[in-house]
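Q: Given chain A, work out where chain B should sit, using these hints.
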Amino acid sequence: MAVVTFEHIDGRRESIEAQAGQSLMEAAIYSGVEGIDADCGGELACATCHVVVAEEWRDKIAPPSSDERELLDLVVGKGPGSRLSCQIRIDAALDGLVVGVPASQH
Amino acid sequence: MATVLNKLDLPPQLVEEDRGRGLFRVSRRAFVDSEIYRKERELIFDRCWLYIGHSSELTKPNDFVTRKVGGRELIFNRDRKGEYHAFFNVCPHRGAMLARDKAGTTLGFKCFYHGWSFNNNGKFATKMVPGTYPEGFGKDGCQDLVPVPKLAEYRGFWFVNYDAGTISLEEYLADARDFLDVVADHSPLGMEIIGGAQEYSLNANWKLLVENSVDGYHAAETHATYLEYLGAAIGGPPELPTGESRAYDLKNGHAVIQGVAPWGRPVGQWIPAWGEQGKEDIAAIYAELRGRVGDVRAEQIALRNRNMTIFPNLVINDIMAITVRTFFPEAPDYMTVVSWALGPKDESERFRKRRLDNFLEFLGPGGFATPDDVEALESAQRGYSNYEFAGWNDISRGMLKEHPAGDDEEQMRCFWREWARRIEGGIAA
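Protein chains in written order, with our numbering: chain A, 1 to 106; chain B, 1001 to 1429.
Chain A on its own, in the form it takes in the complex (with noise of 0.2 Å):
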């Protein structure tokens, strides 16, 4: 289990519980957090799941596949830190992870 924040464009934070094994996708739609889309639900197929990665974490989590990296191209907005949230896996070690909800999806 890992304890995840968003960071809002407005500002708001909002911290959510994931569980080990899940997506970080999976945790936000469950948990209901705004503008995490995940139209396609995992599939790496619609890009509506982008995140940005606070720059500290980034390193911590596995890097992307050619597949997410392509999809990646897509997304407007896109930064060091950005990643498809669907492709992140949760476990304890991302405890206290941060990510930005890009302003493209609010």
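These aren't lab readings, by the way, just hints derived from the structure by calculation. Careful, some of the hints might be misleading.
Taking lysine-lysine and the BS3-like style, the derived pairs with C-alpha atoms no more than 30 Å apart in a straight line are [said to hold, decoys possible]:
hint : chain 1 : residue 1 : chain 2 : residue 2
1    : B       : LYS1123   : B       : LYS1139
2    : B       : LYS1127   : B       : LYS1139
3    : A       : LYS78     : B       : LYS1123
4    : A       : LYS60     : B       : LYS1345
5    : B       : LYS1102   : B       : LYS1123
6    : B       : LYS1150   : B       : LYS1345
7    : B       : LYS1081   : B       : LYS1102
8    : B       : LYS1060   : B       : LYS1353
9    : B       : LYS1127   : A       : LYS78
10   : B       : LYS1139   : A       : LYS78
11   : B       : LYS1102   : B       : LYS1060
12   : B       : LYS1039   : B       : LYS1068
One-sided excerpt, in silico: chain B residues whose CB lies under 10 Å from chain A [to be verified]:
hint : residue
13   : ASN1062
14   : ARG1080
15   : GLY1108
16   : TRP1116
17   : SER1117
18   : ASN1119
19   : THR1126
20   : VAL1129
21   : PRO1130
Virtual Cβ for every residue (Gly too), placed ideally from N, Cα, C.
A: Chain B only, in chain A's frame:
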């Protein structure tokens, strides 16, 4: 010298009823003719409410099942908000079946062919490299899943209709609603489909199974071996429902036969084979029933058996186990059958075991009843090869009685009147 083949001069009419003389007969052509089969697909299966599933099969948001209903592959699911949907199970791209599992839980569907992905509310959800498709492509919904025209529910029983202009499910069910209430009210916590489905097929016309499912007359003869076994279990010769069992016309082609029966009912009828503990359990169940629905309804639920047909192809048999059964004609002489067990949500392990044993040992494809029924239906289908010379089924039994019984044939006549109205009148309603 030329010979003359003395075939019957078959009138075009397929169902003949003479109420004054108490005669009712059905042309055997109805069971073999390809043109009639084609009309059934168009005027019945594409116009009537068809059973798709039970609420209990989709207990939480994102659950789904897939099944073929009325000849079409469907997805029956709940979206992220928990709303129920029925979609045609076909990718909007090049038509591969989208959901390939029988059941599951998913936030989205992904086609295995080219990877097109969809939200479980049906909306297309795949990002394309700009320029792949014209500007605005898909805005008209052409990339979204196509919903089945109508989806509606009554007491946990979900139905679809391929006719967008059809009457409401409630209106269609007419007096069958009351008997669906009886089935749904067995338990204070509601009913649920238990375990998996029984699936089998037989070489006979689908309408034969409608008739067989509500046929009280055949039990003593066709199921003689079962009745011997039952006699041993209940400690004496079984009394079959005869005069006490009645047929009810529920309108719109629906019918039910209801009566007493010698076997036990986990919802309220004890038999010696269930012992003293069983007696106590049943007494408690009956007491709860009476408190909740009143004495009259409680007796109906606990001590009466019901075999019901909902036009065209849903059978709900509330006997020892409750069977929910649908069947579909792939050809005039071939049908596929799917059967589920329905039971109370809070049932004790002891009674659930009895219920499921019965579902298997009596009603199951290899049980005491079904193989003999299959033999009867397939035998009739073979007999119908003679339809040009011996052309009529007689289902007049009990027609002049004020209250036809379960072993008369009024319940079949209800079905055939509605069938004839749709097929012969060319009425689609």
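Q: Would you mind marking each hint as holding or not holding in the structure?
A: The hints, checked one at a time:
Restraint check for LYS1123(B) and LYS1139(B): the C-alpha separation of about 11 Å stays at or below 30 Å, so the hint holds. Simply put, LYS1127(B) and LYS1139(B) have alpha-carbon atoms about 13 Å apart, close enough for the 30 Å limit, and the pair holds. Our distance criterion of 30 Å between C-alpha atoms is met by LYS78(A) and LYS1123(B), whose separation comes to about 24 Å. This hinted pair does not check out: LYS60(A) and LYS1345(B) have alpha carbons roughly 46 Å apart, beyond 30 Å.
For the suggested pair LYS1102(B) and LYS1123(B), the alpha carbons sit about 21 Å apart, so the restraint of at most 30 Å is met. A threshold of 30 Å between alpha carbons decides the hint, and for LYS1150(B) with LYS1345(B) the separation of about 28 Å falls inside it, so the pair holds. About 22 Å separates the Cα atoms of LYS1081(B) and LYS1102(B), which keeps this hinted pair within 30 Å; it holds. Only pairs whose Cα atoms come within 30 Å are accepted, and LYS1060(B) paired with LYS1353(B) is accepted, the gap being roughly 26 Å.
The suggested pairing of LYS1127(B) with LYS78(A) holds, with an alpha-carbon distance near 15 Å, which does not exceed 30 Å. About 25 Å separates the Cα atoms of LYS1139(B) and LYS78(A), which keeps this hinted pair within 30 Å; it holds. In summary, the hint linking LYS1102(B) to LYS1060(B) is supported, as the alpha carbons are separated by about 16 Å, within the 30 Å threshold. As the CA atoms of LYS1039(B) and LYS1068(B) are separated by approximately 19 Å, the hinted pair is consistent with the 30 Å bound.
A least Cβ separation of about 8 Å between ASN1062(B) and chain A falls short of the 10 Å threshold, and the interface hint therefore holds. Checking ARG1080(B) against chain A: minimum C-beta separation of about 7 Å stays under 10 Å; hint holds. Residue-level restraint check for GLY1108(B) holds (minimum Cβ-Cβ distance to chain A is 2 Å; threshold 10 Å). Given the 10 Å rule on beta carbons, the hint for TRP1116(B) holds: about 7 Å separates it from the nearest Cβ of chain A.
Among the interface hints, the one on SER1117(B) holds; its C-beta lies about 3 Å from the nearest C-beta in chain A, closer than the 10 Å criterion. For ASN1119(B), the interface hint holds, the least distance from its beta-carbon to any beta-carbon of chain A being 5 Å, beneath 10 Å. The interface hint given for THR1126(B) is met, as the beta carbon of that residue sits about 4 Å from the closest beta carbon of chain A, less than 10 Å. For the restraint placing VAL1129(B) at the interface with chain A, the shortest Cβ-Cβ distance is roughly 7 Å, inside the 10 Å limit, so the hint holds.
Because the closest C-beta pair between PRO1130(B) and chain A is about 8 Å apart, less than 10 Å, the hint holds.
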